[in-house]
Amino acid sequence: MEYLIILLQTLVDGIMIGGVYAVLAIGLSLVFGVMHIVNFAHAEFMMIGMFIGWLCWHFLGIDPLFGAFIALAVTFGFGMVVQRVLIRPVLGAPQVAQIFLTVGMLFALENAALMIMGAEYRSVTTPYQTQSLTLFTYGAERVLIGMDKLYAFIMALLSGGAVWLFLNRTRFGTAMRATSQDPMAAKLMGVNTDLMYAVAFGLGVGTTAFGGSVVLPYITASPAVGSSYAVLLFTVVVLGGLGSVTGAIIGGIAVGVIQSVSALFMPIQLQNLALFVVFILVLALRPEGIV
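Be aware that the sequence shown starts at 40, since it is given in the working numbering, and climbs by one per residue.
I should point out that these hints are in silico values taken from the structure, not numbers from a laboratory. Among the clues, some could well be false.
[Unchecked claim] Here are the in silico distance ranges between beta carbons for each label pair: (1) Gly-200 - Val-113: 21 to 27 angstroms; (2) Gly-200 - Ile-45: 28 to 34 angstroms; (3) Phe-146 - Thr-169: 35 to 41 angstroms; (4) Ile-307 - Gly-157: 25 to 31 angstroms; (5) Gly-131 - Phe-205: 25 to 31 angstroms; (6) Ile-45 - Leu-320: 24 to 30 angstroms; (7) Ala-136 - Asp-233: 16 to 22 angstroms.
Just so you know, even glycine gets a beta-carbon here, dropped at the ideal spot from N, CA and C.
Required output: the full structure, derived from the provided sequences and hints.
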């Protein structure tokens, strides 16, 4: 029974972190789905969201869970400017130009954060960081959820659900999906495709910044934190299917569970080995993703 408790605890931990991976990856999937451009700088907007959440907590006393909405709004506006100034000129360019641009953005944003915020690791203190919820008890053994992870998971799912409703239940979302499917036909029907692209990019990086702020209670912020999540985010969207919001949610939870369960059987240094084996198998057997 002890091993079953450990397995249950591992699954719970994987689902909690997987939900956060999902909301971080939704934006990447949205940008690709609408604009058909792979944003290699996407994870840096998570770093921006973490720093905005930290600044709100440090100077204004705002909990990072609520600071996430400020991070979303600020990064949404910043993302629209980036799209207008940098991304739009290369939308019709060869893919190599798009890759060089977004990789250059990655280094520019990371080094800008290093200059402005310094190299120190920034963390927050909240009342619920040391609290936990008991899900299951068997004798002296318990399955627990840390409240910081639970709140982050709930906020991540709510934001993911909000993006899905926006895309599928609003006229603006319908226009955005029409732009994704056939930009010329959408333009002929009166859709402002330039606005759709700007909003899609702003919303994509904004949701990632939102996710960055909600994980701040248990992940420290630093200029290099985005780079450590970049490969994971691409793994999530490829597993779920590039351009699919639902796929990003399923892929995120799957990645979290695979990571956690593999840590039971492998050294911590090889934690991602099982994940990348699954990733390669999906690419080989189902390249369009699981959704």
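Hint check:
1. Gly-200 - Val-113: 21 to 27 angstroms: Cβ of Gly-200 to Cβ of Val-113: about 22 angstroms, so the range 21 to 27 angstroms holds.
2. Gly-200 - Ile-45: 28 to 34 angstroms: 31 angstroms, holds
3. Phe-146 - Thr-169: 35 to 41 angstroms: 37 angstroms, holds
4. Ile-307 - Gly-157: 25 to 31 angstroms: 29 angstroms, holds
5. Gly-131 - Phe-205: 25 to 31 angstroms: Once the Cβ atoms are compared, 27 angstroms apart, the range 25 to 31 angstroms for Phe-205 and Gly-131 holds.
6. Ile-45 - Leu-320: 24 to 30 angstroms: 26 angstroms, holds
7. Ala-136 - Asp-233: 16 to 22 angstroms: Hint holds: Cβ distance 19 angstroms, inside 16 to 22 angstroms.
In terms of the numbered hints stated before, the structure departs from none.
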